[in-house]
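Asker: For reference, the chains in residue letters:
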Amino acid sequence: MPENQSKIAIITDGGCDLTNNEVLARGYSLIPVPLAFPDGSTSDSDSFAARDFWEALLSDYESLPKTSQPNRLIYDQKIQEAADAGYEEVIIITMSTGLSSTHDVALMAAENAVIPTRVFDSRIITWAMVVLCDQAIKAVNAGLSSEQAIDYLQAVRDSMSLLIVFDTLEYLVRGGRAGRTAGLLASALDIKPICTFEDDGVIDTVKKTRGRKKAFQAIPKILHERYGDADTDNLRYLLLRAEVDDVANELHDKIKETEMPGTFTGLEQIGIIVGIYAGPGTAASLHWRDLDPRDFAK
Amino acid sequence: MSDSKPTTAAPATAIIAGAAAALKSRVEEVNRLNVFPVPDGDTGTNMSLTLESVIADVSKLSADASLAEICKSATHGSLMGARGNSGVILSQIIRGCCEGLVASEGFEAAERLATSLERAKEVAWQAVRKPVEGTILTVIADMATAARTAADAGLDLEAAMDGVSAAAHESVRRTPDLLPVLKEANVVDAGGFGLAIVFDAFSALLLGREVADMPQFEPMRSNEMVVVPVDDWNDDEFLYCTEFLFMGENYCKDLALDYLGTIGGSELIVGDAGQYKVHVHTDNPAAVLAYHLERGQLAEVHIHNMRQQQAQQAAESAPVEHKPIATIAVASGPGLADILTSLGVDYVITGGQTMNPSTQDFIDAAEKLSADGFILLPNNKNIVMAAQAAATALSVPAAVVPTTNVPAAFSAMLMFDPSSSDLDALAEEMLESAEEVHYGEVTTAIKNSKAPAVGDIKEGDIMGIVNSKDIEVTGTDVEAVALELLSKLNASACENITILAGEDFSDEALAALVEKVQAAYPDLEVDEQRGDQPLYPLLLACE
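Heads up: the sequence lines are chains A and B, in that order. What the first sequence shows, in our numbering, is residues 1 to 298, in sequence order. What the second sequence shows, in our numbering, is residues 1 to 543, in sequence order.
Subject to a maximum C-alpha distance of 30 Å in a straight line, what follows is the list of computed DSS-like cross-link-like pairs (lysine-lysine):
1) A:Lys213 <-> B:Lys516
2) B:Lys488 <-> A:Lys213
3) A:Lys221 <-> B:Lys488
4) A:Lys256 <-> A:Lys138
5) A:Lys221 <-> A:Lys207
6) B:Lys469 <-> B:Lys447
7) A:Lys213 <-> A:Lys256
8) A:Lys207 <-> B:Lys323
9) B:Lys381 <-> B:Lys469
10) B:Lys447 <-> B:Lys458
11) B:Lys381 <-> B:Lys450
12) B:Lys60 <-> B:Lys24
13) B:Lys469 <-> B:Lys488
14) A:Lys256 <-> A:Lys207
15) B:Lys516 <-> A:Lys254
16) A:Lys207 <-> B:Lys381
17) B:Lys450 <-> B:Lys469
18) B:Lys458 <-> B:Lys488
19) A:Lys254 <-> A:Lys221
20) B:Lys450 <-> B:Lys488
21) A:Lys254 <-> B:Lys488
To be clear about the criterion: a stretch of chain A counts as covered by chain B if any three or more of its residues have a C-beta under 8 Å from a C-beta of chain B, and this derived list gives those stretches:
22) 189-195
23) 200-210
24) 213-223
On the chain B side, residues computed to face chain A include the following (Cβ under 7 Å):
25) Leu414
26) Glu495
27) Asn496
28) Glu525
29) Asp527
I should point out that these hints are in silico values taken from the structure, not numbers from a laboratory. All of these numbers come straight from a predicted model, not from anything done at the bench. Every residue, glycine too, gets a C-beta built ideally from N, C-alpha and C.
Could you build the full structure based on these sequences and the hints that come with them?
Answerer: Have a look at this one:
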């Protein structure tokens with residue numbers, strides 16, 4: 001293997017809530033998610049910045065676009081570009097198969113790809129995909145083969161805990177993505193469910209609480225049950241916000257009160273792909289273990 | 001028919017009673033089939049009631065009553081007791097049969113059967129202004145035809161009656177081909193089916209067979225059929241089914257029918273000689289009654305709201321979903337019940353402090369549901385034992401979460417996991433969640449009393465009660481007592497407050513209270529809901 005750069009390209013999709021330009025700086029590329037607006041016009045996730053999105057959502061939900069899956073040809077093209085740039089292999093990290101069939105399109109492209117291509121189902125969404133891609137870059141740069149890198153990604157994914165507190169499930173349902181949380185909607189009380197992406201990549205409720213304060217209070221307890229006190233050196237976390245900072249900051253305060261919160265990497269904003277289903281007032285925490293790729297080399 | 005025909009009232013009563021009993025035993029089966037607008041929604045019941053009235057009248061006759069007397073009595077009884085479209089038409093079939101029997105006295109039995117059924121067909125068809133095929137009318141017509149064929153072929157009574165039975169069932173089976181709504185609903189006609197059952201039993205008893213031994217004609221299997229309430233008489237726009245007996249001289253049925261046709265549908269008038277049964281679906285029962293009051297006297301007036309009956313029926317016939325774990329809770333107040341239901345409670349038993357449900361109430365509730373296990377939420381300390389007794393008495397595993405108030409059940413339900421495999425562990429978790437609730441009630445003292453924390457209590461005082469036992473606040477104003485009660489509940493140490501307004505606590509008063517609570521506890525989330533519980537203007541819960 002060359003010492004300076006890996007021969008494995010990492011490609012993801014717009015489900016990670018970043019644009020292609022943003023991820024290029026992180027060492028990988030992405031395929032934006034096509035958007036179809038009610039007025040018939042089309043665009044993609046690269047040209048609809050997070051801030052624009054939240055403004056549009058708050059002012060007129062009906063004007064928001066619907067997401068669709070990227071065209072297979074775009075995958076072919078992207079893999080070809082990687083081959084042309086001198087890469088010998090590709091790993092495509094897709095958004096959860098529990099939310100989208102983008103993974104199937106990627107698989108079809110991989111079957112007839114010009115260079116060996118593996119497809120990894122993140123079984124998750126938004127910045128959790130960014131973390132997986134960052135970790136993938138770290139893995140291939142550490143010299144892991146694509147097969148080893150997939151094992152490594154699997155382990156990182158398994159260590160992840162994305163806890164989302166929706167202010168309302170209304171948007172999830174409007175967008176048809178309520179998963180197993182749908183039953184909660186009928187509730188007459190102000191219930192704030194804490195949701196996560198289960199191992200099968202489908203969104204589900206971890207705990208139902210009365211009100212946001214109770215929800216945020218419950219999160220450190222859930223994290224403690226998940227990660228315990230031992231071995232938290234490699235525990236990292238970031239926070240996700242919707243249109244404003246304060247809700248996420250309130251959650252951050254609760255997490256900081258725990259004895260072993262892990263290392264905070266930043267407060268990020270949810271973009272259109274997730275935001276359109278999450279709605280305003282959403283806050284989330286993402287924890288994962290920054291595993292050492294060398295443990296996955298033969 | 002001379003050998004086996006009943007010649008005195010006693011055997012006649014027995015045979016009619018036997019036929020009525022056969023129908024009664026299958027009333028539900030017939031009711032389920034119905035696609036007519038209610039109260040034809042209970043066709044089996046209506047036909048059964050009509051027959052019971054016949055029995056009541058005929059059984060009053062002396063044992064040596066003549067055939068003519070029996071027939072007159074049966075005709076009168078069926079008219080008096082006729083209920084609903086199907087009952088009215090059945091009464092006309094009975095009247096026609098009676099007329100035919102009397103008219104054909106002295107003829108061969110099979111001939112008399114044919115004459116009777118032909119007359120029944122005639123009278124029944126005349127009673128309905130716009131006869132619809134694929135209903136009881138088609139079935140009686142087919143029966144008459146079969147009887148005529150048998151008589152003309154010289155068959156004996158037994159063969160003739162078997163032929164009529166077979167024709168009746170065949171006719172019922174093809175009703176869906178004649179009436180599209182039946183086909184859409186995947187049912188056969190209920191009234192026709194009821195008639196076939198009655199005739200089968202009647203025939204078996206007349207021929208001296210056991211009803212159970214009667215020939216089987218692949219009887220209709222109605223159990224798996226889905227009933228969709230739809231209207232095949234094109235009058236579902238009318239709200240009230242109006243029916244009554246009318247006694248009046250110089251009454252012109254045709255003129256009256258014309259009038260009814262202008263303000264309703266499904267109009268039927270049967271009877272004669274000054275006694276009639278009137279049946280109409282209308283939005284204006286008052287006009288129908290007024291029209292008849294000008295012309296004579298009314299009796300047995302029945303007015304049913306068909307939409308209400310239909311909704312009730314639809315609710316009752318909705319299939320019960322089988323669940324791994326079902327939950328049953330106790331509450332009084334429609335708002336509280338709605339909230340519990342929205343949180344996943346499968347059945348709410350009405351009850352509480354003033355009306356403690358019994359163990360049997362829990363068992364009855366469980367029987368209405370279908371589950372592999374039950375969680376019971378008594379929501380009152382006086383009901384916990386009844387729930388525990390029910391839990392041991394149920395045939396499937398059940399666990400009690402000993403909640404002592406309704407808001408505790410809200411919290412418990414947040415922990416409810418229908419996929420849990422350990423019922424007791426689940427109940428434990430639910431209880432843990434329920435115990436986080438600090439609960440307060442605001443109510444009015446019904447007599448003079450004393451309490452350690454507040455001293456003397458006068459009748460009419462407003463009291464604030466902590467955890468359903470300690471009266472810690474008294475006053476004269478519900479809002480003031482509620483605010484003070486919140487401090488006793490240690491609200492400032494909690495994250496949220498639930499306020500449940502009772503039936504006598506207005507929305508305006510609730511809004512005013514919420515504003516004051518928010519001002520007093522700016523850091524708390526307030527969730528106000530209408531509980532509409534009686535006696536307690538406010539229930540408060542902090543957690």
